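Protein chains in written order, with our numbering: chain F, 76 to 256; chain Z, 46 to 375.
If you are wondering where the hints come from, they were derived from the structure by calculation, not from laboratory data. What you are looking at is a predicted structure, and each value in this text was computed from that prediction instead of being measured. Beta carbons: idealized from backbone N, C-alpha and C, even for Gly. Check each hint, because a few of them may be wrong.
[Said to hold, decoys possible] Within a straight-line C-alpha distance of at most 20 Å, the following computed PhoX-like cross-link-like pairs (lysine-lysine) qualify: (1) Z:Lys143 with Z:Lys121; (2) Z:Lys54 with F:Lys213; (3) Z:Lys156 with F:Lys86.
[Unchecked claim] Covered, in the sense of this in silico footprint (three residues per stretch, anywhere, with C-beta under 8 Å from a C-beta of chain F), are these stretches of chain Z: (4) 52-60; (5) 89-101.
[Unchecked claim] From the structure, some residues in chain F lie toward chain Z, with a derived Cβ separation under 8 Å: (6) Val236; (7) Asp241; (8) Lys244.
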Amino acid sequence: MFHFSNIVRSKGDPTIVESGPSLKRPQDQLARALGWFSLGLGVVELLAPRRVTETLGMEGSETLVRAFGVREIVAGIMSLSVEKNAGLWARVGGDGLDAAALLSGLTSDNPKKGNIALALLMVGGIAMLDYRAAQDTKPRRPPRDAKRKLYPGRSGFPKGVKAAKDRAKDMIQHATAGVTS
Amino acid sequence: MKALVWHGKEDIRCDTVTDPEIQDPRDAIIKVTSCAICGSDLHLFHNYIPGMMPGDIMGHETMGEVVEVGAGVDGKLKKGDRIVVPFTIICGECEQCKRGNFSVCETTNRKRHLADKVFGHATAGLFGYTHLTGGYPGGQAEYLRVPFADATHIKVPAGIPDEQLLFLSDIFPTGWQAAVQCDIVPTDTVAIWGCGPVGQMAIRSAMLLGANQVVAIDCLPERLSMAEAAGATTINFETESVLERLKELTDGKGPEKCIDCVGMEAHVMASLPDTVLDRAKQMVMLESDRPHVLREMIYVCRPGGIISVPGVYSGFSDMLPMGAFMNKGG
Ligand SMILES: NC(=O)c1ccc[n+]([C@@H]2O[C@H](COP(=O)([O-])OP(=O)(O)OC[C@H]3O[C@@H](n4cnc5c(N)ncnc54)[C@H](O)[C@@H]3O)[C@@H](O)[C@H]2O)c1
Ligand SMILES: [Zn+2]
Ligand SMILES: [Zn+2]
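Given these sequences and hints, build the entire structure.
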């Protein structure tokens, strides 16, 4: 199989013959996809808020859309980083805000209420993905109050701390005596 | 052979790769018997250090048995020898090696043109680290080519298990050097941030170098318990104020000697707002490191004291209290 990375290897260094399975789990890939989605949506909201408000019949809410864009971008960057779990939870919260904002536009006199309903449906679907990804990427650390293994016997000094310290003292005295005499 | 290969952020795979071969008369090939994982590998895993490329073999804390030697190894090694391989590749001949500054050997970094640009001056070649340090394949593999093998090895006798020797490859000399650089005198309080492997070795080294008091700082109870076992006074930074406790333990004067065994990935906590800001800046690449420990050390260190930094930093750190640093005698 061809491996791109082999081209740049220094001459004589081992090259890949066959690659093993990736450590990345499907939930990590989902987090990544959601992170990029967040960035994309955020950029549209930030740079073209009128397109968004017009589609939803919510003209006048451009500032809110821009602010949401910033929020999406921040959550996107976080979801793509090592702190993806925090990013995904931020997205779940954001989905709630999106839904609330959309609901506020769902008035009987809004000619585009069909689009809003569609957007709400989408937010609902994405929220479910966000929630799942956030649940699945929870840090796998033991809980704070979990019983931990302690190592009170591992001083590393075969004869104990005191003996090691005394011996060190002797040696230092010897060394300094050697220098002055 | 099989090897652990870096493919990108949080993506390390067990690949089949070609076997290493002797490329230079000073090379040797070892069959790896053990290779440890280091805090430094975590920085690579999280892709915080520039210069990694997909296909790089991980691992720099290696030992094994010599299976092949080049013609230039000059009788210093032979087939069947058991050696620990230090993570720094050294020539043993350049000006720095002659002074004992092996980690900044002037010969072994084969990508020095890159490193000179980034760091001002290249450091030694390292195994299983970035292309800024030569991009040499590492020891998380069945076989390892050891360049400059006549100088880059520690011969060890049979009969001692790997686990008791492997520390010679990195963390013991790293912790020892960190303590030696503090010029410890018998009245000193030595404060050590981080009780990972490097911190544990620094704690024990400071003891052996005759420190009056060693204070160990971390938040993980298991690691703090091991520090305590070695005779250190411990501070849990999650439940106690490091600054207050260090003052208390030194009659308000601060520790004379401070060692950073944490590095660029300091714990992020809401109660330490600077760490949250660093983390945010790190995400958008406005800052490469989270230097919380450096800040704390500079602030708490006794004027005229010494700060020693074995913890790995990759590039640029913000908001260091340079005023305190200068005025205390930095
Ligand atoms: N200079 C060298 O040659 C060299 C060699 C080996 C390791 N290192 C570096 O030394 C550092 C430690 O290595 P390790 O293998 O022990 O890593 P490690 O990740 O096992 O240990 C780091 C410890 O620091 C603790 N910590 C985090 N934030 C802290 C804070 N604010 N205050 C106190 N403690 C905190 C963590 O809880 C952890 O226990 C790493 O940066 C590593 O890259 C340098
Ligand atoms: Zn290491
Ligand atoms: Zn050298």
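These are the hints, each one checked on the structure:
{"no.": "1", "hint": "Z:Lys143 with Z:Lys121", "result": "holds (18 Å)"}
{"no.": "2", "hint": "Z:Lys54 with F:Lys213", "result": "holds (18 Å)"}
{"no.": "3", "hint": "Z:Lys156 with F:Lys86", "result": "holds (13 Å)"}
{"no.": "4", "hint": "52-60", "result": "holds (count 8)"}
{"no.": "5", "hint": "89-101", "result": "holds (count 4)"}
{"no.": "6", "hint": "Val236", "result": "holds (4 Å)"}
{"no.": "7", "hint": "Asp241", "result": "violated (10 Å)"}
{"no.": "8", "hint": "Lys244", "result": "holds (6 Å)"}
Checked against the numbered hints given earlier, this structure breaks only hint 7.
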